[in-house]
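For chain A, the structure is supplied; the task is to place chain B on it using the hints.
As you go down the protein sequences, you meet chains A and B in turn. Quick note: the first sequence, position 364, residue 364 per our numbering, numbers continuous. Quick note: the second sequence, position 126, residue 126 per our numbering, numbers continuous.
It is worth saying that the hints were derived from the structure and are not from the lab. None of the hints are false.
Derived DSS-like pairs (lysine-lysine); straight-line CA-CA distance at most 27 Å: (1) A/Lys62 / B/Lys27; (2) A/Lys102 / B/Lys102; (3) B/Lys126 / A/Lys62.
Protein chains: 2
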Amino acid sequence: MLIVHKYGGTSVGDLDRIENVANRVAKAKRDGNDLVVVVSAMSGETNKLIEYANHFSSTPAKREMDMLLSSGERVTAALLSIALQEMGVDAIGMTGRQAGIKTDDNHTYARIASIDTTAMQRELEKGRVIIVAGFQGTNQFGQVTTLGRGGSDLSAVAIAGALDADACEIYSDVDGVYTTDPRIEPKARKMDFVSYDEMLELASLGAKVLQSRSVELAKKLNVKIVAKSSFSEAEGTVIAKESGEMEEVLVSGIALDKNQARVTLRQVVDRPGIAAEIFSKLAVEQINVDMIIQNASTDGTTNLGFTIPESELERAREVIVSFGQDFGSVDYDENICKVSIVGVGMKSHSGVAAKAFSVMAENNINIEMISTSEIKVSMIIDQKYGELAVRTLHDVYELDR
Amino acid sequence: MLIVHKYGGTSVGDLDRIENVANRVAKAKRDGNDLVVVVSAMSGETNKLIEYANHFSSTPAKREMDMLLSSGERVTAALLSIALQEMGVDAIGMTGRQAGIKTDDNHTYARIASIDTTAMQRELEKGRVIIVAGFQGTNQFGQVTTLGRGGSDLSAVAIAGALDADACEIYSDVDGVYTTDPRIEPKARKMDFVSYDEMLELASLGAKVLQSRSVELAKKLNVKIVAKSSFSEAEGTVIAKESGEMEEVLVSGIALDKNQARVTLRQVVDRPGIAAEIFSKLAVEQINVDMIIQNASTDGTTNLGFTIPESELERAREVIVSFGQDFGSVDYDENICKVSIVGVGMKSHSGVAAKAFSVMAENNINIEMISTSEIKVSMIIDQKYGELAVRTLHDVYELDR
Numbered sequence: 001m002l003i004v005h006k007y008g009g010t011s012v013g014d015l016d017r018i019e020n021v022a023n024r025v026a027k028a029k030r031d032g033n034d035l036v037v038v039v040s041a042m043s044g045e046t047n048k049l050i051e052y053a054n055h056f057s058s059t060p061a062k063r064e065m066d067m068l069l070s071s072g073e074r075v076t077a078a079l080l081s082i083a084l085q086e087m088g089v090d091a092i093g094m095t096g097r098q099a100g101i102k103t104d105d106n107h108t109y110a111r112i113a114s115i116d117t118t119a120m121q122r123e124l125e126k127g128r129v130i131i132v133a134g135f136q137g138t139n140q141f142g143q144v145t146t147l148g149r150g151g152s153d154l155s156a157v158a159i160a161g162a163l164d165a166d167a168c169e170i171y172s173d174v175d176g177v178y179t180t181d182p183r184i185e186p187k188a189r190k191m192d193f194v195s196y197d198e199m200l201e202l203a204s205l206g207a208k209v210l211q212s213r214s215v216e217l218a219k220k221l222n223v224k225i226v227a228k229s230s231f232s233e234a235e236g237t238v239i240a241k242e243s244g245e246m247e248e249v250l251v252s253g254i255a256l257d258k259n260q261a262r263v264t265l266r267q268v269v270d271r272p273g274i275a276a277e278i279f280s281k282l283a284v285e286q287i288n289v290d291m292i293i294q295n296a297s298t299d300g301t302t303n304l305g306f307t308i309p310e311s312e313l314e315r316a317r318e319v320i321v322s323f324g325q326d327f328g329s330v331d332y333d334e335n336i337c338k339v340s341i342v343g344v345g346m347k348s349h350s351g352v353a354a355k356a357f358s359v360m361a362e363n364n365i366n367i368e369m370i371s372t373s374e375i376k377v378s379m380i381i382d383q384k385y386g387e388l389a390v391r392t393l394h395d396v397y398e399l400d401r
Numbered sequence: 001m002l003i004v005h006k007y008g009g010t011s012v013g014d015l016d017r018i019e020n021v022a023n024r025v026a027k028a029k030r031d032g033n034d035l036v037v038v039v040s041a042m043s044g045e046t047n048k049l050i051e052y053a054n055h056f057s058s059t060p061a062k063r064e065m066d067m068l069l070s071s072g073e074r075v076t077a078a079l080l081s082i083a084l085q086e087m088g089v090d091a092i093g094m095t096g097r098q099a100g101i102k103t104d105d106n107h108t109y110a111r112i113a114s115i116d117t118t119a120m121q122r123e124l125e126k127g128r129v130i131i132v133a134g135f136q137g138t139n140q141f142g143q144v145t146t147l148g149r150g151g152s153d154l155s156a157v158a159i160a161g162a163l164d165a166d167a168c169e170i171y172s173d174v175d176g177v178y179t180t181d182p183r184i185e186p187k188a189r190k191m192d193f194v195s196y197d198e199m200l201e202l203a204s205l206g207a208k209v210l211q212s213r214s215v216e217l218a219k220k221l222n223v224k225i226v227a228k229s230s231f232s233e234a235e236g237t238v239i240a241k242e243s244g245e246m247e248e249v250l251v252s253g254i255a256l257d258k259n260q261a262r263v264t265l266r267q268v269v270d271r272p273g274i275a276a277e278i279f280s281k282l283a284v285e286q287i288n289v290d291m292i293i294q295n296a297s298t299d300g301t302t303n304l305g306f307t308i309p310e311s312e313l314e315r316a317r318e319v320i321v322s323f324g325q326d327f328g329s330v331d332y333d334e335n336i337c338k339v340s341i342v343g344v345g346m347k348s349h350s351g352v353a354a355k356a357f358s359v360m361a362e363n364n365i366n367i368e369m370i371s372t373s374e375i376k377v378s379m380i381i382d383q384k385y386g387e388l389a390v391r392t393l394h395d396v397y398e399l400d401r
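Excised from the complex, chain A in its bound form (with noise of 0.2 Å):
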């Protein structure tokens, strides 16, 4: 088997667990697999990176962040090859750009545009382990460019998708995907099985195990991701295509996110396109609006109310403010928090969402707003009452057995 591993910053911490790194790869790879490893810089390391750039500027350059972020994936690529090494395990460093990885021109949030994988086939054919600088690649010009954070798995997807891989196995301090967050809910139970859309909803619901933008390109690329600790043996929780006999499941999982923060205006002015301007320049500014509630009055004004991430407030309400005459009164909210359901099951059952609102109802959780998709219903409540919320519907649609 080809198996493509991706460790996280905690997982190559220090040299202790570069070398318990080591261990896994060199067994892994002595149960008869070829392997490509893909690494992201010690944890710390990105973070002081950033810390000294902002001594000089709060506005670094992208291209000289880029340079300058990179250096800590080559440096674990190259311990950890050194360390396979000196275990006897035949291991090539290779940084992203070695690794033949190409992204457009995009610098601190570049996309992968292709993979030559010629130098890594070469290498595989040699029966070599390939340790890879996750996270960076290289544009058209050959100027070094990153992937943005969680870069280091989009690496590790591309290179599994590019080389036709078994699994992408993707180590971090966490084993595997939960039903929700065992520090909410201590019934929480790992799941041996996720669907990709499951996965991207609950992924950009809040949980944290795996970012959308490697899901999506999981997806996109057909790869069987399994999420495992690095610091366990446990079997972790597999990403992959729906299959047939998943569907009995109604719901997977749910989902709490605390960084909300819901913007209401009050008495905006009845002129064609103002709430598409609103939303062009907020989308202008790279401000993620989520649900989006309007309501028209007997008056002929409306109210417009909409979730954004809490910590994308403050550039929201210098957008709001320039917006000014447009309506009567501005209200803020941060707190509140949207509790998510997700399931494939939903798609072909009815009732799913009208059990959480009365069950909610029950609990006297007011609903503030509600979104729903074909396999999600989020719920936006009193950020006070997300706890129970989560507890109150992991148990009422049975997670822990």
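Chain B only, in chain A's frame:
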């Protein structure tokens, strides 16, 4: 003028020092110069990475070491670019590869094969200051290579040569080349000018300002070096081709090298080629033999004495043991040092060496071995007389004038 600056590890040792370097570069740019700036890793970084590697292996693969060690210079180059941009100077960071530096395949001690200046020329035409990560290049396979100790100086000199720069200013914590070590002789005087050949002798003899490889390359490419301090505004020392007026200077400097050991083989068997065999074996082990004295005795055996760097003595012992049956006994003496007088004037003036020998005799310093070149006289003496010899010679040749 097109000037190449090079800043060593101490000059960019922390964020404040990088800021200081940025101020210097910005000033040189404002003065109307075109600039390429070559930087080393922040002091301590390279040693830290070597320690990391040695945690895993006492003999880490050289290819991986290059990937590891080349990261430090990239960090400095990116940070300096960011600092300059914040000052309003249009700067661009480049790795060795991006700057077009191609090397041979000799990992950790590569030689620069060629420099493709296309990218640098293009950025210079845009009026940009180019910041190049020193110490590194790529081989014909696109793999990262490093140039060995002092490699950033080599990068700077090679770039200055390739771009036909007006000067290569090498900044360190020392403000130039002195007639001798000021810690030994407080009357030591900073030289305004020293020729390549003199500098080569001084460098190889233990003066630490510039390494021989860089001076050799500067001589080959006819690059004018200026050795300066990044911590002062002092003028520095020009290292260039000797000019007519310089011939008046009889002696330029006195060097002291304590990293010396003498090996004496007694009663070496009279077999043709035995000395050649021993020295070949030492060469294979990369032990640098400096002076050699051989004298036949009347009993048909020979005594063979030679000096090597003290730091290579352990490895030399192993070689010598393997020739155990070819000689009677062996002495190792680490309590020696080499004192050298360097000056282009010696070419045309006789009596320079004689003056040295007589002043040593006057001071009861026994000269154990002597070697001379056109512009140098080196003497091996008891280590305890090293400083006295330096001060005496500095005085007798009136180097403080």
